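Trainee: Listed below, chain by chain, are the residues.
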Amino acid sequence: MLRSVKGLICQGPKFIPACFSQVCGKAWLSTAANQDAQMTAVFRTSEGDPANHTEEHEGQHYGIPLQELQLVFPHGLPQRFRMQTETFNEACLMVRRPALELLGYLKSTKPDYPAVRYVIYGERGTGKTMTLCHAIHYCARQGWLVLHVPDAHLWVKNCKELVPSSYKKERFDQPLESSAWLKNFKMSNEQFLKEIKTQQRYLWSKRESTEEGHPLGEVVEQGLRRVKNASDVVGVVLKELKRQCSLGAYRLLVAVDGVNALWGRTSLKKRDNSYVAPEELTLIQSLRKMVTNDWNGGAVVTTLSQTGAVSKPSSAYLPHELLRKEGFDTLDPFIPIQVYNYTEWEFESCYQYYLERRWLQHERARMDEGRQELRFLSSANPQQLERICASL
Amino acid sequence: VPITKAKPVIPRTEKMAFDQDWANVYPTAAAFKPSSVPLPIRMGYPASGGVSPPKEGNLELINIPNFLHLTPAAIRKHCAALKDFCTEWPAALDNDEKCEQHFPVEVETVDYVSAGPTVRNPKARLVNLRIKLSNLNLDDHAKKKLIKLVGERYCKGTDTLTITTDRCPLRRQNYDYGLYLLTVLYHESWKTEMWEKDKTEEDMEEYIWENSPSQKKVLDTLFRIKSSEKINDITKEELLTSEIVQDYRNSLVALKNEGETENNMANYKKSVKRLLNVQDFQ
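Chains as they are written, first to last, in this note's numbering: chain A, 1 to 392; chain B, 1 to 282.
The hints are simulated quantities; they were obtained by calculation from the structure and are not laboratory data.
Because the structure is a prediction, the values reported are computed rather than measured.
Do not take every clue at face value.
As the list claims (entries may be wrong) - Subject to a maximum C-alpha distance of 27 Å in a straight line, what follows is the list of computed BS3-like cross-link-like pairs (lysine-lysine):
| no. | chain 1 | residue 1 | chain 2 | residue 2 |
| --- | --- | --- | --- | --- |
| 1 | B | K269 | A | K110 |
| 2 | B | K197 | A | K110 |
| 3 | A | K270 | B | K216 |
| 4 | B | K216 | B | K269 |
| 5 | A | K107 | B | K33 |
| 6 | A | K197 | A | K325 |
| 7 | B | K270 | B | K217 |
| 8 | A | K325 | B | K143 |
| 9 | B | K156 | A | K110 |
| 10 | B | K143 | A | K110 |
| 11 | B | K33 | B | K7 |
| 12 | A | K325 | B | K7 |
| 13 | B | K199 | A | K107 |
| 14 | B | K226 | A | K107 |
| 15 | B | K143 | B | K132 |
| 16 | B | K132 | A | K325 |
| 17 | B | K143 | A | K183 |
| 18 | B | K197 | B | K226 |
| 19 | B | K236 | B | K270 |
| 20 | B | K143 | A | K289 |
| 21 | A | K325 | B | K33 |
| 22 | A | K107 | B | K217 |
| 23 | B | K199 | B | K156 |
| 24 | A | K289 | B | K145 |
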């Protein structure tokens, strides 16, 4: 449960922020050679609360305590980042401009306005999921209820069990995916589930039902116990949360990674070998209702993801290409936020972080030519840089 | 027969004067003759550590088509010879715009001359008719219908309709058929049929914002925003004609019709931020 205390919270000597804006790349490098110990603070910040992140922290890594990590992101982080967290024994996220922009918008959400949709898009490996996680961390710290769907593509591909729905005849249920998601959702939002009460009576079977006025946690328990009803439980949970958020008791953040899966194609087949349309899946239907803006008091942050998208070329990254007409029209009007490759400053920061964590073991990696080689090979793409450094 | 050694032949290139008439060396289309072309050409994959093979005995140079018989000087000679068979170009048509204005339909035919058992060539019956649609009197609906009717034959970039006919045995018949097609297309595109009112959104050539689901959603959202701010007496027309909504409409139409460029996305983002009243907080 409790990880080792070592390296939980990044502590470095606090640098005066004014330094960074004046220091240019080369001058910074020469000082780096001289003052090794103080360099830790240039790419790290001890500001652990995303609410206080500003432009001064751009390019710096901030740490999330590991217990908080378990609570806020039971299933959300990308797999490689999770492996990195285990290796380094700490989770450090880089503060980048798109994330700061998004946090700025989220800070100014008004509770009576309809939910604003934000779509994070960008080429492969530029950091869309990490931006989403940054936003989720901020909202979790602010006390919002976070509804995080880690990868909507997982719900439209490789489903081992497709059960015809008992609620609506033409639809299909996915018990395994629903119960996995419910488990993780419960872990991150325990106290909300105790406080929110159902507003309607739900009949699960001849003998089991949930009465009006019972905490939502009971509904989730029902879903975990009877896996057969798990998909319907998910639908019920989403409906209740949406309805009650408009009343203003709490703020809701709907975070969907890979939202283009909701309107794309699935790779699931029916008995007669024809493809299942996304509308015929209960989970997808419930999620589609969540990302509309007919509720108020929260925000919907989504990312477009080509990796994992069924039948889309690997160069597609623009909203229209990935969302198709139907998806675009449903999400419209939304605020698009583009994520780019690392800037010079951010690349330096990442490189110094890897050096400090002793991740780059090759002798040449420490030298200037090694740094330039890394920059050229990865072309400042975060994912590529991470993959290349992994083998050094 | 006494065996005599063959005298080494001096290649023609050595004997050429630099001001010779090249049309005499290559009067017609002929294969590449390395001894007749005084150029140091190399062609082919270079040997390891070396260069491409030279022109002597180079099969690659012989196999490819060459235009050594069509130098500008040779073409000038051809034109001078053909001049006796041509008529004068009208002096009044001295630039392209005047030609297009007086003669919007361009008819292209090819005559083939070859020495053979027969003078006929089946390719000679092909007729190309080209016309710019801006010269035709078409309104919006007629133009869209015409473009849909002709399909591949219309080029959007140059606004030209090209009708190619060769289904009749004689050139004159093909020309008449081409003109007939043009007439029929023009008249048909002006008519509106009963089934045209079933045109769906997928058939539309460009995105029209009015009466689209996007317009309804935007109005709905704006009404909700206004009611949360306790402004309840704003009408639909006022909202539609307000600057914010018009700005959003323009950016969305540009995005859908022209595709997604940096500029378009930036404009869209700005207009949505203004619409939904989202402020930056940094």
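Trainee: All the hints need checking, so say for each whether the structure fits it.
Mentor: Taking the hints in turn, this is what the structure says about them:
1. Under the criterion of a C-alpha separation no larger than 27 Å, the hint pairing B:K269 with A:K110 is consistent with the structure, at around 19 Å.
2. For the hint linking B:K197 to A:K110, the alpha-carbon distance of about 44 Å lies beyond 27 Å, and the restraint is violated.
3. Restraint check for A:K270 and B:K216: not satisfied, since their Cα atoms lie roughly 36 Å apart, outside the 27 Å limit.
4. Restraint check for B:K216 and B:K269: the C-alpha separation of about 19 Å stays at or below 27 Å, so the hint holds.
5. The suggested pairing of A:K107 with B:K33 is violated, with an alpha-carbon distance near 80 Å, which exceeds 27 Å.
6. With a C-alpha separation of about 37 Å, the suggested pair A:K197 and A:K325 falls outside the 27 Å cut-off, and the hint is violated.
7. In summary, the hint linking B:K270 to B:K217 is supported, as the alpha carbons are separated by about 18 Å, within the 27 Å threshold.
8. Proximity of A:K325 to B:K143 is assessed by CA-CA distance (about 26 Å); at most 27 Å being required, the pair is judged to hold.
9. Of the pairs offered as hints, the one joining B:K156 and A:K110 is violated, with about 47 Å between alpha carbons and a cut-off of 27 Å exceeded.
10. The straight-line distance between the Cα atoms of B:K143 and A:K110 is roughly 48 Å, outside the 27 Å bound, and the hint therefore fails.
11. With a CA separation close to 20 Å, the supplied pair B:K33 and B:K7 stays within the 27 Å bound.
12. A hinted pair counts as satisfied when its Cα atoms are at most 27 Å apart, and A:K325 with B:K7 does not qualify at roughly 80 Å.
13. Using a Cα cut-off of 27 Å, the hinted pair B:K199 and A:K107 is violated, with the two alpha carbons roughly 45 Å apart.
14. This hinted pair checks out: B:K226 and A:K107 have alpha carbons roughly 20 Å apart, not beyond 27 Å.
15. For the hint linking B:K143 to B:K132, the alpha-carbon distance of about 12 Å falls within 27 Å, and the restraint holds.
16. Note on B:K132 and A:K325: the hinted pairing is violated, with a Cα-Cα distance of about 33 Å set against a maximum of 27 Å.
17. A distance of roughly 59 Å separates the Cα atoms of B:K143 and A:K183; the hinted pair therefore is violated under the 27 Å criterion.
18. As the CA atoms of B:K197 and B:K226 are separated by approximately 36 Å, the hinted pair breaks the 27 Å bound.
19. Only pairs whose Cα atoms come within 27 Å are accepted, and B:K236 paired with B:K270 is accepted, the gap being roughly 22 Å.
20. For the hint pairing B:K143 with A:K289, the CA-to-CA distance comes to about 41 Å; that exceeds 27 Å, so the pair is violated.
21. The suggested pairing of A:K325 with B:K33 is violated, with an alpha-carbon distance near 61 Å, which exceeds 27 Å.
22. Straight-line distance between C-alpha atoms of A:K107 and B:K217 comes to about 24 Å, which keeps the hinted pair within the 27 Å bound.
23. A C-alpha spacing of about 22 Å is found between B:K199 and B:K156, which places the hinted pair at or below 27 Å, so the restraint holds.
24. Distance check on the hinted pair: A:K289 and B:K145 sit about 38 Å apart at the alpha-carbon level, beyond 27 Å; violated.
Against the hints set out earlier in the document, violations occur for numbers 2, 3, 5, 6, 9, 10, 12, 13, 16, 17, 18, 20, 21 and 24.
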